[in-house]
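First to last, the protein sequences are chains A and B. Each residue of the first sequence is one higher than the one before, starting from 1 at the first, in this note's numbering. Each residue of the second sequence is one higher than the one before, starting from 781 at the first, in this note's numbering.
Hints are computed from structural coordinates only; laboratory data are not their basis. Hints are supplied without guarantee of correctness; some may be wrong.
What the hints assert, rightly or not - Stretch by stretch, here's where chain B covers chain A in the computed footprint (C-beta under 8 Å, at least three residues):
#1 626 to 639
#2 679 to 693
#3 699 to 713
#4 755 to 761
Claimed, not checked - No more than 27 Å apart at the CA atoms, straight line, and that leaves these computed lysine-lysine pairs for DSSO-like:
#5 A/Lys275 with B/Lys782
#6 A/Lys245 with A/Lys275
#7 A/Lys57 with B/Lys827
#8 A/Lys57 with A/Lys93
#9 A/Lys57 with B/Lys782
#10 A/Lys429 with A/Lys346
#11 A/Lys149 with A/Lys57
#12 B/Lys820 with A/Lys57
#13 A/Lys588 with A/Lys599
#14 A/Lys57 with A/Lys275
#15 A/Lys346 with A/Lys714
#16 A/Lys429 with A/Lys643
Beta carbons are placed, not taken as given, at the ideal position from N, Cα and C, and that holds for glycine.
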Amino acid sequence: MNIVGKSVPSVQGRERVTGAVTFTPSIEMPGMVHAKVLRSPVPHARITRLDASRAEKLPGVICVLTRDDVLSWNINPYYGPVLQDQPIVAIDKVRYVGDIVAAVAAVDVQTAEDALELIEVDYEELPVVLDVEASAQPGAPLIHDRFHKHETAFEDLKCLDFGAGGNIASHFKLRKGDIAAGFAQADHIFEHTYYHQITQHGHLEPHASVAQVLPDGRVDVWSSTQNPSVVRDGLAATYKLPLSKVRVRAPFLGAGYGAKTYPKMEPLTVAVARKARRPVRLVLTREEVFQTAVKHAVLVKIKTGVTKNGTLIAREVACYFDQGAYADIGPRTSKNGGYAAGGPYKIANLKLDSYDVYTNKTPGCAYRGFGIPQVCWAYEQEMDRIAEALGVDGLQLRLQNIVRDGDEFATGEILNPVACAESLEAVAKEIGWGTPCQQPGGNMRRGKGIAVAIKSTMTPSLSSAIVKMEEDGSISVLSGSVDIGQGVDTSLAQIAAEALSVSLERVQVVQPDTAVTPYDQSTSSSRTTFAMGSAIAIACGEVRDQLLAMAAEQLEVAAEDLTLDQGHVVVKGMPTRRVSYEDVIRRKYNMRVGSIVGKGVFKTTGGLDPETGQGKASAFWFTSACGVEVEVDTDTGRVTVLKMASACNAGKAINPLLATGQIEGSNGMALGFTFLEELAYDPGGQPLNPNFLDYHMPTILDTPKEVASILIEKPHPENPYGAIGVGEATIPPVSAALGNAIYNAVGVRVCDLPIKPEKVLRGLRERAASAGVAQGGAGR
Amino acid sequence: MKQFDFLSPGSFAEACQMLAEGGEEVRPLAGGTALVILAKSGVYAPKAVVALKLIPGHNEITADAAGGLRIGALVSQRALETSDAVRHTHPVLNDAATLVGNIRVRVMSTVGGTICEADPQADVPGTLIALGARVETLSPAGSRILDLADFYVGPYETVLQRGELVTAVLVPPLPAGVRGIYLKHTTGPISDRPCVGVCAVGGCDTQGRISHLRVVLNGVGPRPLIVTEAQALVGQRPADVDMAALAAAAAAACEPVSDLRGSEWYKREMALVFTTRALRDLFGGELK
Chain A
1 MNIVGKSVPS
11 VQGRERVTGA
21 VTFTPSIEMP
31 GMVHAKVLRS
41 PVPHARITRL
51 DASRAEKLPG
61 VICVLTRDDV
71 LSWNINPYYG
81 PVLQDQPIVA
91 IDKVRYVGDI
101 VAAVAAVDVQ
111 TAEDALELIE
121 VDYEELPVVL
131 DVEASAQPGA
141 PLIHDRFHKH
151 ETAFEDLKCL
161 DFGAGGNIAS
171 HFKLRKGDIA
181 AGFAQADHIF
191 EHTYYHQITQ
201 HGHLEPHASV
211 AQVLPDGRVD
221 VWSSTQNPSV
231 VRDGLAATYK
241 LPLSKVRVRA
251 PFLGAGYGAK
261 TYPKMEPLTV
271 AVARKARRPV
281 RLVLTREEVF
291 QTAVKHAVLV
301 KIKTGVTKNG
311 TLIAREVACY
321 FDQGAYADIG
331 PRTSKNGGYA
341 AGGPYKIANL
351 KLDSYDVYTN
361 KTPGCAYRGF
371 GIPQVCWAYE
381 QEMDRIAEAL
391 GVDGLQLRLQ
401 NIVRDGDEFA
411 TGEILNPVAC
421 AESLEAVAKE
431 IGWGTPCQQP
441 GGNMRRGKGI
451 AVAIKSTMTP
461 SLSSAIVKME
471 EDGSISVLSG
481 SVDIGQGVDT
491 SLAQIAAEAL
501 SVSLERVQVV
511 QPDTAVTPYD
521 QSTSSSRTTF
531 AMGSAIAIAC
541 GEVRDQLLAM
551 AAEQLEVAAE
561 DLTLDQGHVV
571 VKGMPTRRVS
581 YEDVIRRKYN
591 MRVGSIVGKG
601 VFKTTGGLDP
611 ETGQGKASAF
621 WFTSACGVEV
631 EVDTDTGRVT
641 VLKMASACNA
651 GKAINPLLAT
661 GQIEGSNGMA
671 LGFTFLEELA
681 YDPGGQPLNP
691 NFLDYHMPTI
701 LDTPKEVASI
711 LIEKPHPENP
721 YGAIGVGEAT
731 IPPVSAALGN
741 AIYNAVGVRV
751 CDLPIKPEKV
761 LRGLRERAAS
771 AGVAQGGAGR
Chain B
781 MKQFDFLSPG
791 SFAEACQMLA
801 EGGEEVRPLA
811 GGTALVILAK
821 SGVYAPKAVV
831 ALKLIPGHNE
841 ITADAAGGLR
851 IGALVSQRAL
861 ETSDAVRHTH
871 PVLNDAATLV
881 GNIRVRVMST
891 VGGTICEADP
901 QADVPGTLIA
911 LGARVETLSP
921 AGSRILDLAD
931 FYVGPYETVL
941 QRGELVTAVL
951 VPPLPAGVRG
961 IYLKHTTGPI
971 SDRPCVGVCA
981 VGGCDTQGRI
991 SHLRVVLNGV
1001 GPRPLIVTEA
1011 QALVGQRPAD
1021 VDMAALAAAA
1031 AAACEPVSDL
1041 RGSEWYKREM
1051 ALVFTTRALR
1061 DLFGGELK
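Construct the entire structure; sequences and hints are all you get.
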């Protein structure tokens, strides 16, 4: 292959980092006005009075959007990708600090901000529910009196139970084998609880949207979104418009990590634009970003039955996903976390339950890893506990139970390809598993840890592409996949360049525009290389077939005897009989006009049984492992990561440089939520640190001294190049590997993230107190 | 952010006049790393800011023949971090400045600004106190010189009067055989403010007796904590001194507040650990 598999630098990397490209917050429209949002200062309350008349009179204010507007229009005032539970602006209640109460459009941002202070709102406060487990209990104060399932809900969510009632938005269950019999056969039973905290994605570009409603009612939106097609679907449902009358464009995106999937600010911005009768731009502040989308906190209760020879014979897991005030895509996050909660192991008897539970906090949304880092934090620390109790090596115990090619997963589907064992072995080798750490002495203790993970991708899903060969033989790729910084404009161009044998410089991937680019489900779930890559390859095949047919006629040879070579159609075995693509088109029409258009649709299939969770969950599986060596300061509890090795199956790395960048980026994020990050709330439901001053993300100074990123290439049969995704592959096992390494170093097991130095020190003190002497762990 | 007037005086005297006449809602702005955050978050809305950065003549570090320093109020923390003059006379100041936030913060923020913000978690003011620094101020009433140790009233509160500005910091020469150590412990990223910061300045005379010792803790009370017990050790041999008792005294004296950087218990523990480490670094193997 010429270009697939080459480490080409990102085609827009330089322009992005120098700010030469236009991101949504910088888009200007003629006559555009600016929106600001009034947000709830209380976590749960009934709105008893709302008066915007003073704000409306402020000079420079165009309009104030309130519940009166959205209720008076013929629209659906509630939206949401699964459950239509989120109002464009609060209607009867507010459900978290930051909930949207009203919005102002004004000639400038300052005037809009000033107007917010003139809106009078009376709140009648209601009981607040913050604890996810308490919120799931019958009798907990109700956060939603009612909500509606989205008519166009995704196929894969049909296995969920939306009727559990109370604050439970959805319930996923998986039943395999005979759980009671499984535990009866076990020689040892382990049962523990783990907690993964709320974090925010930290995307540099805040959420931003520009919207206008045209005089004929059409809606035109530019938005910082990862899935323009789904946003379009949401807007069409809200505003009761045909999909063709809603146009969503996704300009350059300043990162997303999941926070920009599904409708976010778009329904509100369109509503303001509709009332203002002008184009409106809304750009959130950093504080508002923390009030818009976060990663789900998850409480995981895990119980495992193990035979004396180390076989995992039964596992029962209950996951409580802290959904916050609105469901967003949480039913899917909790479902995917649910069936993966047993881990990448062959376990004959499983009972998995995953609950998506409302609380009075910022809504949980997609976050890189999509529920798996949370459950992996639990099951992989549990593996080390089991290994220790059985007196066996943690790597051996994992390899003994691990799923391999051809094995059955929890859902009953056959896995192929997976690289759990290969990933584990690769990272174990990299960190010198089995050889003791060199202990520096004094108050420093070193230890090693490993963890392995498996994750699904959105299934079923659909991507479509149009590939045009222009009259000069250059290639335009019309794809709805968003380059969110991960580099798909480069890797998708590589796929097209390879398929049509042109240089990368001759290929342009067109920016997503729902009026132009065909349907793509989402730039998320690390599905783009696999799904859109396949669609583009199919479309390129159509272009190729047409081109060859034209050339065959012109050259008077059979199309089968022709091939493509660097912009030329060539007669096989006769390299001098060649004609350029441009000339093929010119000869066809006797002019330098026209283009060759190919289309490609790639759809995956699957679905799970609602009662048993059996079926097909995923078109392909991310499998990865992490190995780390850490050093713990036993005086302070501070942990330094000395070495970090990550491995995953890429199927085929279309661009190894970008794929490795995804691994390194995943590791940086995982270090953040393992050690530093937590969006904290006070007991009254007020967020304590919704800003970058108090919410701490790692910087380059906090990254490990030594890193190794290992790409395993076990090709997938459904992608023309064997590629699968890597964007989220290596993030799930990091926290558990670190937790295991800390235990290995000092004998302290931290079960609730983040692993703050204080938690480690408290563990050390408790250990010293119970042992009567202070001593570290054995050190591997 | 609320709009405010941007006043640009030509001299510190003019700036003081503007502040004296302007009232509570007119504030001086140097690097802006503190004030702008407050204004953006809506916590504080100044009516006007008096921008000091364009005033000439206050951004230099000069060393005198005896090894003392005069640091202009508008010297950036980055300049402090990288100054050869400072490295020659008081390298602990370079060390403390290096640990402030990130490079963007250090480039923008000023020495005078960090002193006057009176954030008890700041790294540099406590270090300057340990070095015995004084500040030179100017107001419409005239100029005065204050001991930095007496400068802080509480969190974000100093003895400065309305219309009074710090114009320079005066750092006395270090006595012979005396050096400084600054240790910073963060529970967040390395760029975070300290959970605990400890500055110890001390050394021994030619007879091996402690000739000077000053210990100041950051981040564990309403203002930099001066460990007064340290003074009493002057004249003793390090080997005869119960340094653990001194560290314990420091930990006992601090008044930490539980927050996201650690509980009160943890901060006190860290005060003990890092005071011990600073003393050990200062006096090496001579410790009992």
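Query raised in the report: Three or more residues of the region 626 to 639 of chain A near chain B by CB distance under 8 Å?
Result: Since 3 is at least three, the answer is holds.
**Report entry** Restraint status (C-alpha distance of A/Lys57 to B/Lys827 at most 27 Å)
**Finding:** holds (23 Å)
**Report entry** Stated coverage of the region 699 to 713 of chain A by chain B [criterion: 3+ residues, CB within 8 Å]
**Finding:** Satisfied; 3 residues make the cut.
Query raised in the report: Is the hinted pair A/Lys275 and B/Lys782 satisfied, with a Cα-Cα distance of at most 27 Å?
Result: Within the cut-off at roughly 26 Å; holds.
Report task. Compare the distance between the alpha carbons of A/Lys57 and A/Lys93 with 27 Å, and conclude whether the hinted pair is satisfied. Result -> The hint holds at about 26 Å.
Requested in this report: Assess, step by step, whether the Cα of A/Lys57 is no farther than 27 Å from the Cα of A/Lys275, and give holds or violated.
Outcome: holds (16 Å)
Requested in this report: Between the region 755 to 761 of chain A and chain B, see if three or more residues pass the 8 Å beta-carbon test, and mark the coverage as holds or violated.
Outcome: Held - the region 755 to 761 of chain A has 4 residues with a Cβ nearer than 8 Å to chain B, which meets the minimum of three.
Query raised in the report: Can the restraint linking A/Lys588 and A/Lys599 be considered satisfied, given a maximum Cα separation of 27 Å?
Result: With Cα atoms ~21 Å apart, A/Lys588 and A/Lys599 stay inside 27 Å; holds.
Query raised in the report: Given the proposed pairing of A/Lys149 with A/Lys57, does the C-alpha separation stay at or below 27 Å?
Result: violated (39 Å)
Query raised in the report: Are A/Lys346 and A/Lys714 close enough, with their CA atoms no more than 27 Å apart?
Result: The hint holds at about 20 Å.
Query raised in the report: If you draw a straight line from the CA of B/Lys820 to the CA of A/Lys57, is it 27 Å or shorter?
Result: Between B/Lys820 and A/Lys57 the Cα gap is close to 25 Å, so the pair holds against 27 Å.
Query raised in the report: Is the straight-line distance between the alpha-carbon of A/Lys429 and that of A/Lys643 27 Å or less?
Result: holds (12 Å)
Going through the hint list in order, the structure does not satisfy hint 11, though it satisfies all others.
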